[in-house]
Structures are given as structure tokens and as C-alpha cells.
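Trainee: Sequences and hints are given; from them, build the entire structure.
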Amino acid sequence: MLASLVGVLFDGFAYGMLLFVLSVGLSVTLGMMNFVNLAHCSFAMLGGYIAVTLMNALAWPFFATLPVAFVAAAAASVVLERALYRRLYRASDLDQCLLTIGIVFVSIASAAYIYGTIQQPVQMPPYLRGSVVFLGVNFAVYRLFLVGTALAITFVLVASLEYTRFGAQVRAAVDNQRMARGLGINVQRTFAITFALGSGLAGLGGALAIEMVGLDPGFAFSFLIYVLIVVSVGGLGSIGGSFAAASLLGISDVAGKYYVPQLGAFLIYLVMVGLLMWRPAGLFGKR
Amino acid sequence: MVVAMVVVIAARDAAVNAPALSTRGLNKRFGSLVVARDIEFALPQGARYALVGPNGAGKTTLINLITGMLQPDEGRIFLGEDEITSSRPEQRVKRGLVRTFQINTLFPHLSVLEAVTLAVCERRGHGGAWLRRLPAYRDAIDEAYGILGSLMLGNQCYRLTRELAYGQQRLLEIALALATKPRVLLLDEPAAGVPREESAELFTAISSLSQHISVLFIEHDMDIVFRFASRIIVMVGGRILVEGTPGEIAADERVREVYLGKRGHG
Amino acid sequence: MRNVLRGLGGLAAALLVASPVFAQNTVKIGLILPYSGQFADTATQMDNAIKLYVKQHGDTVAGKKLEFIRKDTGGIAPDVAKRLAQELVVRDKVDILAGFVLTPNALAASDVSTEAKKFMVIMNAATAIVTTKSPYSARTSVTIPQLNETFGAWAYKSGIKTAYTMVSDYGPGHDAEGAFQRGFKEAGGQITGSVRYPVANPDFSAFVQRAKDANAQGIFVFVPGGVQPAALAKALAERGIDPKKTKILGQGELTDAGALKSMGDSGLGIITVFHYDPNHKSKLNETFVKAYVGDYKRTPDFFSIGGYDGMHLIYEALKKTGGKADGDSLIAAAKGMKWESPRGPISIDPETRDIVQTVYIRRVEKVGGELQNVEFDKIENVKDPVKERMKK
Amino acid sequence: MSAALEGLAERYLHLERPTRWRKSEIAFWIATLLPFFLFESYLSLASQVAITALFALSLDLILGYAGIVSLGHAAFFGLGAYAAGLIAKHGWGEPLSGLVMAAALAGVVGYAASFIIARFRHLALIMITLGLGLLLYEAANSASWLTGGADGLQGVRMWPLLGYFKFDLFGFTAYTYSLAVLFLVFLVARRLIHSPFGLSLRGIRENPVRMPAIGAPSHAHIRKIYSISAVMAGMAGALLAQTTSTVSLEALGFQRSADVLVILILGGAGRLYGGILGAIIYMVARDQFSGVNPQYWYFWIGLLLIAVVTLLPNGILGGLAQWTSRWSSRWSSSSRRGTPP
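Residue numbers (my numbering), protein chains in the order written: chain A, 51 to 337; chain G, 64 to 329; chain X, 19 to 410; chain D, 29 to 369.
Just so you know, not all the hints are guaranteed correct.
Claimed, not checked - Computed cross-link-like contacts, DSS-like style, restricted to lysine-lysine with a CA-CA straight-line distance of at most 25 Å:
#  : chain 1 : residue 1 : chain 2 : residue 2
1  : X       : K396      : X       : K179
2  : X       : K401      : X       : K151
3  : X       : K135      : D       : K117
4  : X       : K179      : X       : K265
5  : X       : K135      : D       : K194
6  : X       : K405      : D       : K117
7  : X       : K46       : X       : K111
8  : X       : K409      : X       : K203
9  : X       : K342      : X       : K135
10 : G       : K244      : G       : K157
11 : X       : K111      : D       : K194
12 : X       : K263      : X       : K279
13 : X       : K151      : D       : K117
14 : X       : K409      : X       : K356
15 : X       : K384      : X       : K279
16 : D       : K194      : X       : K151
17 : X       : K356      : X       : K308
18 : X       : K73       : X       : K308
As the list claims (entries may be wrong) - Derived, one-sided and incomplete: chain D residues facing chain A with beta-carbon distance under 10 Å:
#  : residue
19 : L153
20 : L158
21 : L294
For the record, the hints were derived by calculation from the structure and aren't laboratory data. Here the structure is a predicted model, which is why all the values come from computation and not from measurement. Glycine included, every Cβ here is placed at the ideal spot set by N, Cα and C.
Mentor: Spelled out as C-alpha cells, the structure:
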């Protein structure tokens, strides 16, 4: 009983960590620029496809593909930021929605055209498959790896936000753009960089997600909802918030499905609506 | 018995010369920062009071508390003799307690006439009416037009709010407030950012308002304050430092050092 | 106003009457499939097979040139499917409606088939009742009860006495659950418990844990094809359920080629029931698969075979009617038609217009380092049990 | 009408002018009859365009005028659809009364929901509407005994419209019916946004902070418009159910909510014709693109959206309005309107 409880909590947490990696980038960029980027998951999908291509076509080892996924997504985001996003920073958020939805459509179509509509098969290296038993509890190796990665990312993010000059600029820009400008921070540039890093993380998340939730052209749309949930519940621009929200949602989702399966589909939404009614600005949100 | 008598008498007295607006022991904290401490003052019917004090003294916060945009931690607020401490902002407006904003808080894409007509319609309770077209409410439109005329906006009223010159937008701030037929009017730096000569005009307009309207205005320009205020309330660090006639205030040492001193190098 | 409408009504009626006349030496086939969206891949696989069949048999049958018009429903959208069917009939003057991966869309289009008296070939939609909606429709795929009731009975005979079922919480899932439990219980087995998970369910670990805790001798699972089979199989492996001890039973989608690729050895030992597998041993199938892989660089699946046999049915029916393409002649010709398909011998039940075929029991094994579904048992001439009961 | 207005004080004309019927409007509504004569074979598409337009119009009232972004508006569309479908399924196939009942139900639920909605703004509001919508979807899915679950509602049988016009294969009746309802609802919406209430709504959109400061009960206004919008969305859903005699879970789905939002923004939110124009352009484009290329049509739709945003801010109508006003201001800066209808 206790064993299964621990197992369930762990699985939920691992799932949450996946959501976290996918969504943290969006949270920061939204918080800083109030730019509604619904195409965030398109970058994740890009990362996923990069990883798949490298593994299946070029037989790269899984780990080697992760940084490439990150870089590719980041690079793509820079291009788009220059070409399109930049024009709409001052536009209404509705226009931003329209633009980014358009990008989602295009990305899905392109993925379907290039890779076909087929579900991309991936084979994890043996040492990431199966599960280890510890104190009678089953831990899936891959989920352990996922949790480790996510924690590492969180640590790096928090550390760099707290202790680097750039991090300070980002925090300033998130707290109060006008003031940041006044302090002579180039918010535009800061944002562009943050945006690239955030998208890169999404790409990494996309690559990590394949093993757990698969990858097909629908990804850019199907995960959008979950990402938005994490961002809104966590609170805009708050890494800690995204982390808390993601683990909370992941755990409640899995635990709910285990203990009250008839509520399985409802739970994640119930939790979200409840939390947002309690704290409209999100768990750690200021605005 | 006797007590009852006293109460009755008290009530009658209150009814007779109750101030238009009064507060008792208002307190408000943001975490450790105290923004209002034991604020007590009374604004008589038809008075013209000025609220002055250095930046961050808590003037705007006080207006937010009075108008219900902030809830006080302790204390009570009275409009006439009835308490409004817990009533919602729009209810206070309906009862005649109205404010303007230091930073223009207008309707950018409404024409000037539309904006004021909106306020008039809301006061007249047409706000939810959707069976007849707006132009059918002529007397509302006429009233709005009249108000704009009285504030020298008559020839601007067909332009979009966002296209108005800044000074005119300040006037529109007041026009919107007047459209709600206020009994008590709280003006938060009505002349903020307006060049001096214009601000004098603006205050002439204000002081020529009907004597049924009691006015409390925040203003930094002491010349203006001394010219237009019958009494002056000086706030510092979230508390009322002193209240008195312009003469008294001008003579007051503490005011000099705290406030005028500040203006010296500000 | 009303007179005007009446006038226009007359006009419309006139056009409607006018429509079926002509289409002299072409036969138009309207394909309604979810080419885009969540189910796009099913459409791709089916359409590939359709193209392949036409390529192999030429696009002229009984002196008539075949013309295809392809329409996208963008997923489950009966309103769209119905509209497209209407437009195909009214505007494009098609003679045959075909395709239909998704049950709701098939049901909606059936109304049009009935009203316009158009032959309709259902190449996948697998809910039992689909064919009852239009007297002009025939099915060349499979029905869920056809597979799983048979499977339930077989499972008990094979020595599994207790079973736990877990299915996707939607129509097909419920059908599969009901059918398997019925077959299993009627044979004498005992269901120790059951659970339903959301249709779009990214993470199965929780449900698998439940199933594990129930420790039955067999776990019956049903998931829609696509993303989920692999995720489910992985979850099974991760939670340490060993197919050699606890039998994992499922419908074929669970272990189709794509799923097997990504689930890897965690799939070994899973037992599934299905009507077609690309590794089915027969001359016909080998040539079919060879040609298919040759053209599309991937193995066909049950959507492909549904489309392939669907085209065969259309061709043969047209030959039989000598090219007459009206609904009554075609459905008459289709009834009772028998042929040898890559999946084995199949026929169209003259009464229900539904498919009669062999049901295969397969186990996932390594064949030359490749995971495969290896057939080790089969039940022949299986009809859809639901409609059999309806008759009684 | 307009003759009587001559010699009226400018202040009345200023507020009266935007409420007048423009020639372009009249031309537009006449044009909506063209499909009957020019494209008979597109009538069923036309009817679904009209239905989507109605749905978009209902969203426009809350989003475009009161500034309430909703990602769950399909909830009311679906409620209407299922209500109409169930009524017809259980023996009462009369369309008009069914339409009214369905709309009423949607309205009641909308009113209940509005108490929650009015309390939130921004991202929280979007996500709460989204969440409520998804919850309803899941509920409908699990209540398959009532809704038929994923297979969709079966056995919907509609009676002829007005006891005379069958719902025919051409979609002739369907379009007539949908168009008539759309037009009537449009008239109501038009009157509404030109009323004092409409002005108050624009006030809420323009500056939610100032509204209470002029004594406006914003929450009450929002509850009211939200309920009205729900009724209209319910009507749209009911129309779809009746004209196709099918209802499926997708009527409640996130996809539908997202699509209608895109359609409205594309056409131009806050403009009476934004939703209608958006529906026409989006659905016709989709029909044409997917006709040419059933597998990758949404690539072109995507490009269309991107192009519109970059070239015409605030949607097609908004963008055009800006261009024209820029153009006209070069000649004469005559009194300009805040929100042209």
C-alpha cells in the first residue's frame, strides 16, 4: 500500500517535471514581455523531431541529441523573434494569439509534410529502460533520469537568475519593465535572449517527452493546454511557481487517476480552476 | 431612558451639522509599511479643503481608502451621517462620493461626449438599458453636453479622448466626476502636469463649482493651495501632521521644515 | 417571403432530381477521411492502400473510369462529415461514398447515403451499429465485438481464469470492455476488476499500478491506435508487470508495427487479437506488403487493409453490375460477395452487409531480432455477434 | 428616418450617425442571399458559415465589447447543440421551439457561470473559462447514457421547418433557417451595442478601473452580457444540431473554442461584422484549401493568419479601418469614431 503510494507520488512528480521543462520558458517570457506565445510547444516539437532524426537516421546516442535539440529550438526561436514576434510586442494580445496560432498551424503542417503523420518510434538506450526496485517500490529508470535532469535545470536556472548580472536584468525586466528601461537595461535584448533560452528549454523538453508521451505532428497543439495550465497556476515569470505548479499538477493528476479513476479526466482541470479561483495571479504570481 | 434622550439629541445634532465626509481612526498597512495611521478629519458641507504633503505621504492612498478602492485595516468612513466603510466603490459614487485620478484614467477610444454621456447614463440608471438606442436618451446627452460646455470642452466633445491635449484630458477627468452629480468631490492632483497658468484656470473652474459640492483636492503648488483652499490638511508618513487655515499652516514651524523645506530643493 | 422560399424550394428540388442523371462513363468515388488533425495518420495509411489498389488494378472498371474526390473532416466532426457527404452528392455528383475511419463521421454520412441512395463503403469505423444506419452501406474492416467477444472466450479456454480490464473511456473502449467481459464470463471466467482511463491520456502509470494491485492472471487493455499503445506498454514494463507471469491481452492496435518499434522488448509476450497483421503468412499478403512498402516506405496496417479490401469490394461490385453505379444495384452486388484478402478469406454478410472473417490470436515474439506479432491460433468465419443477437 | 434628423443638434447626430444603416451593410445582407442563386451546391457550407458567424458574433459581444476573453465558449455552443439534439431525439422535432428551449438552457447555465466569470480578468479568466469548458466536455463524454459519448448523439429526427420545409440534401432549408436566425440575432446585437448598455460595455473594455469610479456596476453589466452571449452561442449550437441532425462531443471541444476565437480575431474583435467576416473568410478558405490539399491545408490557413496579423493589426476590419482613417485624415480630419460598427 505505502509502496504503491510512493510509486504513484514518484510517477506524478516525474510527469510534473516533464511539464515543468516544457513550460518554464513560456512562463518567464510571458511574465517579462506579456507576449502571448501559443507557439511555445512548436519549439518543443521541433526539439523532439531533431532528437528523433539524429537517433533514428544518424544513430546518435540519446544524450548527444539533447543539446542539439536545445540549440535548434533556440536558434529557430531567434529567427522567428527577429522576423515576426518583434513586430508585435506593442500589439494587442489578441493579435499575438493570432500570429502564434498561425505559427502553430504552419509548424504542424510542416512536420506532417516532412516526417509524415506517423507516430515517431524511439528506442531509449538499454540503461534508461525498465525499472529498478528500491525498498519494494518500482522506479522507472527513465523517470528517475527525467527528475534528475529537471532538478538540474531548475538549479541552473535559479542560480543564474539569482547570481548572474543577466539574471538580475531579467528579474528587473519581469518585475517592472518601465523601471528596468529607466535603469538602462536593454529590455528588448534581454527579452530576445530569454526568449531563445526559454524556447531552447522547450526543445529540450520536447526531446525528453518523446519516451513518455510520444511524438507526432499534433504535439504542438495537444500539449499547449497543459503548458498553459502550468504557467497560469504557477504565476507569470516565476520559475519557482512553474516548478511548484508542475509538480502539483503532475502528482494530483497521477494520484487522482490512481485513487479515483472515475475522476481521472476531470482532476487536472478541477485543480487548476480551484487554484486560480483561490489565487488568480497564480501560486507565486505578482500580477 | 436618559441615555435614550442623549442618543436622540446626538442624532439630531449630527443631522444638523454633520460634515459631508468624515473618517475615524483609519489605518492601513502594506506588510510592515504603514501607509495610513489613525487618519481623522471632517470635510464640512460646501468646503474647499486642500490635502498636501511630500510624495509618499499617503495622500492618494487616503483617497483610495475613502473611495473604497482599498479596504482599511481599521477605522470607519462616514458620508454625511451614514457609514460607508464597507460599501462597494460604485455604491459610494451613487451616494455622491466621487474622485478623480492623478494619472488620467479615461476611456481612450470613446469620444469625449460618449464618455461623459456614459457617466450620466450610469447615474440615471440607464447603464443596463439596451432596448432603445443611445441617441434616444436626449436629456442625458444634453446634460453631458452641458457639463462639457461648463468646463470649456464644448468644442472638443466630438473627438476621441486619446486625441485630446493633455490639459483637456485633465478637464475631462473632472467632467466625468461631475457627471455623477457628486456631493463630495476628491480631486487627486487635478492640475498634475498642467502648466501653471492653465492650472490656475482649472482651479477657477473648480472653485466656481456649486456650493452643494464639498471638495477635497491634492495639490503640490502651494500658491494654488493658498489661493483656493479654505483649510489645509498636511500629511506626512501616513499620518495627519496638522490641519488649519492657510494662515495657520503658513505659520506652522513643523510644516515649514517637513514640507516647505522639502519644496525648497524639490 | 414564404412564396419566394417555396419557389426556391422547387428550384432546389428540381436540381436534386436532375443530379443523378449523367455521370455516363465515369464513376465518381468520394473519400471522406480525417486527413488532418489527431487522426491524420489513419487517413494516410488508408489512402495509401487505396492508391495502391488503383495502381495495381487500373482506374477503369467495367468500362467506367474511376474518379476520386478526397475530403478532409479534420478529425471527429459528424457535422462536417455530413456536409461533405452532401456536397459530394449534390455538387460533385459522386456515385459512391467511401473511407470513414471514425464512427461518428460514418454514422452522420450514413444519413446522406440513405437519403440519396448511394453505395457507401465503410473502410474502418468499427462500432457494431454503423452498418445498420444505411441500407446502402457495407463494411470491409472489422467490428470491435467481433474481435473481443471471440477473444474473451479464447482467453478462458487458454487457461486464464481471472482477468482485469482497462480501456479508454469512450465508445470503442466501452464496446471492447463489454465484449471481452461478455465472452470471458460466458466461457466461465471471472473479472476481478476494471478501470477506464481518459481518451487523451498521456501517462498510464497510475492505471497500470491499479491493474497490478488487482493481480489477476490476465490484464485486458484497449487503447486507440497512435501515441498511446507505446506509452501504455512502457508503463506496463516500468511497473514491472512481466508478460510471462501475468498475461497481457489486447486488441491489435496495442502492438501494431509502429507501437512495437517504440516499445521495444517491453512488448515481448503481449497477446493480442486482430483481423490483420502485415506479417500474416500468405502469398497474397507478402505481395501486398511488398508493394506497399515499395511505394510508401512503411508497413501497411489495419487501416490499409480496410481501404484495400474496400476498393476490392467496389471494383468487384461494379464488375458485377456491369458498371451500373446506383446504390441499389451496387449494394445488391456487394451482398454475399466472397474473396481472398491479404488478411485471409473474407465475405460480406448478405443480411447485415457487415464483414465475416477470420480472427487471429497473436503473440509478440522476436523474429530475427525484430519484434513481430506471431499468429498462433485463429477462429474462422466470425460474424459480428451484436448483430447476430439483434436478429434473435 | 434620417430625413427627420436633418437640422438636429450635432450632439445627437454624433451619437446617432454610427447607429445608422450604412449602404455597405445593406449591400452585405443582400449579398448573403447570393448563394441561393449563384452557388446552390454550396448551400450546406453557407449554412455552417452562418452558424459559425452567429457563434463568433456571440463571442464578439463579450470579447470585443466587454473585453472578456473566453477559451471555453464552445461550452454554450455544445449545450445548445445537445439540448436541441436531445429534445428532437425524445420525440419533439419541431425546430423553432427546440431552438428556443436550447437557447434558454444555454442562457441559464451562462447566467450561473457569469457569477464566476465576472470576478476574474486576464490569464486567470482565460484559463478558468478553458477549464470549465474542458470539464463540461469530460462530463458529456462520461455521461454517454445521455449524450451517446464519443459515437455522438444518435436518433436525432427533425421535423420540417414551419411544418413545410424539409431539411434537404442541398442545405436549402438549412441555409434559409440559419441565415434568418443569424440576421434576427444580429439585429438584436446591433441594437444592443448602440444602446446605453453597449456604451457601458465599451467603457468596461476601455477602462475597467474607471467604471466603478463613475458609479457603474461593472459586474452586473458583465453578468448580463455574458448571459446574453451564452444564449446566442446556444442558438448557434442548436442550429448546427438541427440542420445536420448530428451532435458530437466536438461541439463542446477546445478546438471549437479556439477556432471561434481565431475567427473573431481574424475578422476583427469589437466590430459587429468582425465575427461574421472572419467566419466567411476562415471557412471558405478552409473549404477551398482542403479541397485542393486535404492533408496540408492548415499550412495555408496558418500563413493567412500570419499575413493578416502582420499587415492588418486588430483583424481585417480593424486594419482596414486604420488604413482608411489614415487615408482620410490626410484629406480632412473630420470627427472620427471610436469603434465603427
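Trainee: Look at each hint and say if it fits the structure.
Mentor: Going through the hints against the structure:
A distance of roughly 20 Å separates the Cα atoms of X:K396 and X:K179; the hinted pair therefore holds under the 25 Å criterion. Between the alpha carbons of X:K401 and X:K151 the distance comes to roughly 18 Å, so the proposed pair stays at or under 25 Å and holds. Of the pairs offered as hints, the one joining X:K135 and D:K117 holds, with about 24 Å between alpha carbons and a cut-off of 25 Å not exceeded. With a C-alpha separation of about 11 Å, the suggested pair X:K179 and X:K265 falls inside the 25 Å cut-off, and the hint holds.
Taking the CA atoms of X:K135 and D:K194, the gap is about 17 Å. The hint holds against a cut of 25 Å. With a C-alpha separation of about 23 Å, the suggested pair X:K405 and D:K117 falls inside the 25 Å cut-off, and the hint holds. A distance of roughly 7 Å separates the Cα atoms of X:K46 and X:K111; the hinted pair therefore holds under the 25 Å criterion. Taking the CA atoms of X:K409 and X:K203, the gap is about 22 Å. The hint holds against a cut of 25 Å.
Pair hint X:K342 plus X:K135 holds up; C-alpha atoms about 13 Å apart against a cutoff of 25 Å. As the CA atoms of G:K244 and G:K157 are separated by approximately 9 Å, the hinted pair is consistent with the 25 Å bound. Taken as a hint, the X:K111 and D:K194 pair is honoured in the structure, with Cα atoms around 21 Å apart against an allowance of 25 Å. Of the pairs offered as hints, the one joining X:K263 and X:K279 holds, with about 23 Å between alpha carbons and a cut-off of 25 Å not exceeded.
This hinted pair checks out: X:K151 and D:K117 have alpha carbons roughly 15 Å apart, not beyond 25 Å. For the given pair, X:K409 sits about 22 Å from X:K356 by alpha-carbon distance, which is consistent with the 25 Å threshold. Note on X:K384 and X:K279: the hinted pairing holds, with a Cα-Cα distance of about 12 Å set against a maximum of 25 Å. Restraint check for D:K194 and X:K151: the C-alpha separation of about 20 Å stays at or below 25 Å, so the hint holds.
For the given pair, X:K356 sits about 24 Å from X:K308 by alpha-carbon distance, which is consistent with the 25 Å threshold. Using a Cα cut-off of 25 Å, the hinted pair X:K73 and X:K308 holds, with the two alpha carbons roughly 14 Å apart. With its C-beta approaching chain A no nearer than about 8 Å, D:L153 sits inside the 10 Å limit, and its interface hint holds. With a least beta-carbon distance of about 7 Å to chain A, the hint placing D:L158 at the interface is held under the 10 Å criterion.
Evaluation of the D:L294 hint against chain A yields a held restraint, the C-beta minimum of about 6 Å falling below 10 Å.
In summary, the structure agrees with every hint in the numbered list given earlier.
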